[in-house]
Structure formats: C-alpha cells, structure tokens
Amino acid sequence: MINKVVKDAAEACHDIPDGATLMLGGFGLCGIPENAINELLNKGIKNLTCISNNAGVDDFGIGLLLQKRQVKKMISSYVGENAEFERQLLSGELEVELIPQGTLAERIRAGGAGIPAFFTPAGYGTEIGVGKESREFNGKMYLMESWLKADFALVKAWKGDTAGNLIYKGTARNFNPMMATAGKITIAEVEELVPVGELDPNMIHTPGIYVQRIFQGKDYEKRIEQRTVR
Amino acid sequence: MLDKHGIAKRIAQELQDGFYVNLGIGIPTLVANYIPEGMDVVLQSENGLLGMGPFPTEAEVDPDLINAGKQTVTTLPGSSIFSSAESFAMIRGEHVHLTILGAMEVSEKGDIANWKIPGKMVKGMGGAMDLVASAKNIIVAMQHTSKDGQSKLLPQCTLPITGVQCVKKIVTDLAVLEVTGNGFRLLERAPGVSVEQIKNATAGKLIIEGDVPEIAV
Chain A
1 MINKVVKDAA EACHDIPDGA TLMLGGFGLC GIPENAINEL LNKGIKNLTC ISNNAGVDDF
61 GIGLLLQKRQ VKKMISSYVG ENAEFERQLL SGELEVELIP QGTLAERIRA GGAGIPAFFT
121 PAGYGTEIGV GKESREFNGK MYLMESWLKA DFALVKAWKG DTAGNLIYKG TARNFNPMMA
181 TAGKITIAEV EELVPVGELD PNMIHTPGIY VQRIFQGKDY EKRIEQRTVR
Chain B
1 MLDKHGIAKR IAQELQDGFY VNLGIGIPTL VANYIPEGMD VVLQSENGLL GMGPFPTEAE
61 VDPDLINAGK QTVTTLPGSS IFSSAESFAM IRGEHVHLTI LGAMEVSEKG DIANWKIPGK
121 MVKGMGGAMD LVASAKNIIV AMQHTSKDGQ SKLLPQCTLP ITGVQCVKKI VTDLAVLEVT
181 GNGFRLLERA PGVSVEQIKN ATAGKLIIEG DVPEIAV
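From first to last, the protein sequence lines stand for chains A and B.
For the first sequence, position 60 matches number 60 in this note's numbering, and the numbering has no gaps at all.
For the second sequence, position 195 matches number 195 in this note's numbering, and the numbering has no gaps at all.
Hints are not guaranteed to be accurate.
Claimed, not checked - In the DSS-like style, the derived pairs of lysine-lysine whose C-alpha atoms are separated by at most 27 Å in a straight line are:
#: 1; chain 1: B; residue 1: LYS123; chain 2: B; residue 2: LYS109
#: 2; chain 1: A; residue 1: LYS72; chain 2: B; residue 2: LYS123
#: 3; chain 1: B; residue 1: LYS120; chain 2: A; residue 2: LYS68
#: 4; chain 1: A; residue 1: LYS7; chain 2: A; residue 2: LYS222
#: 5; chain 1: B; residue 1: LYS136; chain 2: B; residue 2: LYS168
#: 6; chain 1: A; residue 1: LYS73; chain 2: B; residue 2: LYS116
Since the hints were made in silico from the structure, they are not lab data.
On a predicted model such as this, the values are computed, not experimentally measured, just so you know.
Taking the hints into account, I'd like the entire structure generated from these sequences.
Printed below as a string of structure tokens:
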C-alpha cells in the first residue's frame with residue numbers, strides 16, 4: 001500500500017501558499033481540523049479563501065484565522081456564532097459567499113466526483129438564484145449550481161491508516177468526506193493513526209485514494225459550542 | 001393565547017406514526033417533547049444524524065455528537081450517522097415527511113423569510129433554503145406579530161425570502177392557519193382569542209369560513 005504518512009501538521013501544510021483556496025471540514029466546532037488550523041496560524045498564511053460550513057467562533061477554529069486577518073474570503077452556509085466575522089463582513093474587510101448548506105455539500109461532492117454542475121431547487125426564487133441558470137423539471141423549478149474544488153482540503157477523522165483510509169466518529173463526519181474528495185491535495189489529521197490492515201475495509205468512510213497526506217494529530221480540544229444536558 | 005410550549009404541543013398533533021421529521025431551531029425543537037406516546041417519529045438533524053435522541057446526561061456528553069443547533073445530543077437504538085451530502089440528499093429527495101421551522105415573515109402565497117435582515121443580521125441560511133425547497137410538508141411555528149406589533153402574516157414578504165410558495169400551515173400564539181395560495185385560511189383560534197383579534201393581527205388576506213373552533217392542546 002502507498003504510504004501517505006507525514007510527521008505532523010507542519011510537514012503536511014508546508015507548501016500551502018498565501019492566496020490558497022482551502023476546504024476545512026467540520027460543522028460548527030465539531031470535526032474541525034484543529035492541528036492544521038493551528039499550523040495555518042503559526043505560519044501566518046494570508047489571503048486565504050476558506051470553504052467551510054461555518055467560520056468557527058471568535059476564539060476557536062477558523063475564528064482564530066479571522067482574528068489575525070488571514071482570510072480574504074469565506075464560502076459558508078451559516079456564520080452566526082462569530083462576532084468578529086460579522087464585524088469584518090459589515091465593514092467590508094471580508095468577502096463572504098453564503099450558500100445553502102445542502103448546495104454547499106453537493107457542490108463539494110460534485111467537485112470530487114467530476115460533475116461540473118447540477119440542478120437543485122434550493123434557493124430558487126430567492127436572491128441566491130439571481131444570475132443563475134434555472135430550468136423546469138417535472139413542473140418544478142431548479143437552479144444550476146457548479147462544482148467546488150480546492151487547492152488543499154483539510155479534513156479531520158477519528159481513525160486513519162497509513163494508506164489514508166479514514167473513519168469518522170459521530171456527527172464529526174459532516175463535511176469531511178466530501179471535502180476529502182475535492183482537494184487537489186487532501187490532508188487528513190486523525191486521532192488515531194494505525195498500520196494498514198487494522199481497519200476493517202467494510203467500515204471505511206473515505207477510501208485512501210482521496211488522501212495525499214495523513215498525520216497523527218495531537219492535543220485535540222474538541223470544544224463544545226452548546227453543552228446541553230438533560 | 002398559546003405560549004411557545006402550546007405552539008409546540010399543537011404542532012405535535014400534526015405528527016403521524018412513521019414520520020421522519022426535521023425540526024428547526026427555537027420553538028420547533030420543543031415539538032420533540034410532545035410526540036404522542038406510542039408514536040414512532042424519527043428526528044432528522046441536518047448535520048448528519050437520523051434518530052436524534054434526548055440531550056445527554058453530564059456523563060454522556062460527547063463533543064463528536066451534536067445537532068444542527070450545535071447542542072450536544074444522543075443517539076437512539078436504530079440511529080444512523082452520515083455526511084452532510086447524504087443528509088441533504090434525503091432532504092432534497094423528499095424522504096423527510098415534515099419540516100417544522102420558524103419564520104420572520106410568511107406571505108399569503110406561502111413564501112417564507114427567515115434568514116436575513118439587510119444591514120442588520122447576516123448569519124446565513126444554513127440548511128433552511130434546502131429544507132423549504134424540498135420538504136413535502138412545511139409547518140411554520142412563530143409568533144403572529146413581531147415584538148413591535150407588526151403582523152408577520154403578510155400579502156408579500158418584505159424581507160429577502162428563503163423559499164417560494166412552500167409553507168402549508170402556520171401555528172402561531174393566536175391561531176392555526178392553512179396557506180391556500182390565495183390567502184390564509186383560519187382553521188383554529190387559540191384559547192381566549194377572538195376571530196376579530198386574529199383579523200387585526202393578520203396583514204395578509206384572511207379566509208374565514210363558518211365557526212372557527214378553539215385549539216385543543
């Protein structure tokens with residue numbers, strides 16, 4: 001099997017340049033690539049276009065990159081948990097493209113699957129549809145949406161093997177599997193890196209073909225946004 | 001008048017055995033507390049969970065298991081977990097029977113606005129546009145009027161819309177209304193609320209046919 005292992009986040013992210021387009025997995029703070037985000041912070045890579053469902057919170061996740069003005073443009077579906085984000089948006093410092101969540105997920109999936117465009121009903125008749133081709137199928141109106149791809153996809157999985165096969169845990173899966181397919185270079189960080197043969201092939205969520213680099217992550221904080229108990 | 005729990009209780013009467021249901025943030029989330037005893041209803045959370053269970057105990061809290069409102073939740077026997085693409089495939093593919101969500105405005109044609117107030121609030125639409133574009137049945141849970149007394153049931157939405165001609169039914173603190181395409185048909189009124197009060201609080205066309213019964217919750 002091809003060995004995809006790199007030492008750490010620094011080696012995995014060594015060639016991410018200023019101005020890169022990145023996909024970052026996660027929903028809220030659940031399943032975000034914490035180690036890779038820290039490395040982007042440490043290296044101070046700038047003018048990033050970040051495709052991610054959310055923009056983190058003020059002091060964690062992508063919110064940290066926003067604080068340091070490393071992000072030029074965000075492509076997201078919901079950014080409500082981040083005051084600094086809202087400030088930069090309203091002052092015009094930050095470009096933002098808001099996309100319906102299912103459309104965002106499917107555009108990324110399409111990017112990885114080699115499908116340049118598809119039709120979805122989401123957003124038809126709203127300002128999201130302005131300037132987009134629309135078409136009727138079986139009496140219902142649909143918008144044409146195009147694929148999304150990235151220079152680097154930064155994903156987080158629970159377990160991975162040296163061949164890049166990934167298994168996610170719980171709702172930390174979210175956008176990670178599609179993003180893994182849509183990066184020219186996909187960097188996976190995992191909580192537990194195991195030798196090939198240890199993972200049951202039936203249980204793999206992301207086949208290793210999509211992953212170019214994998215590393216054992218460390219010091220996961222896994223911050224909870226809304227700790228809600230019975 | 002109904003409080004938010006009353007609205008949730010009334011909406012719970014719309015559930016049917018075997019339904020897969022997506023609940024939005026706010027009042028819709030409360031509907032989960034009033035699923036009739038013995039009825040099998042499966043809750044879908046669009047971040048990738050089918051069969052959403054109750055909030056965890058302190059010992060059960062798992063940062064890798066949250067709902068679409070980013071709250072910690074649990075799974076149930078028979079739950080399944082999947083990607084966001086799969087989640088919206090089941091929504092777009094009309095496999096989810098019912099979507100219940102909040103709104104800032106609903107028009108008499110069934111247009112809904114709930115994602116943006118230009119110049120004031122730009123949080124994003126999240127999954128709302130996908131949900132309203134594809135759900136077989138959409139029920140809106142909201143207050144009949146805004147905090148400053150303006151009707152939220154309008155001839156046309158004034159805010160940027162989330163979806164066109166999609167809302168089927170509205171349950172407010174004052175009434176249950178059906179969206180007919182050419183007006184809001186008043187089905188039921190909240191306990192202690194007169195038809196006149198509902199008329200006054202509804203800016204869009206209100207259709208009243210015969211006696212309007214009181215909501216039983």
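Against the structure, the hints:
1. Our distance criterion of 27 Å between C-alpha atoms is met by LYS123(B) and LYS109(B), whose separation comes to about 25 Å.
2. For the hint pairing LYS72(A) with LYS123(B), the CA-to-CA distance comes to about 18 Å; that is within 27 Å, so the pair holds.
3. Taken as a hint, the LYS120(B) and LYS68(A) pair is honoured in the structure, with Cα atoms around 24 Å apart against an allowance of 27 Å.
4. With a CA separation close to 22 Å, the supplied pair LYS7(A) and LYS222(A) stays within the 27 Å bound.
5. At roughly 9 Å between alpha-carbon atoms, LYS136(B) and LYS168(B) fall within 27 Å of each other, so this suggested pair holds.
6. Distance restraint check for LYS73(A) and LYS116(B): the Cα-Cα separation of roughly 19 Å lies within the 27 Å cut-off, and the hinted pair is therefore satisfied.
The structure agrees with every numbered hint stated previously.
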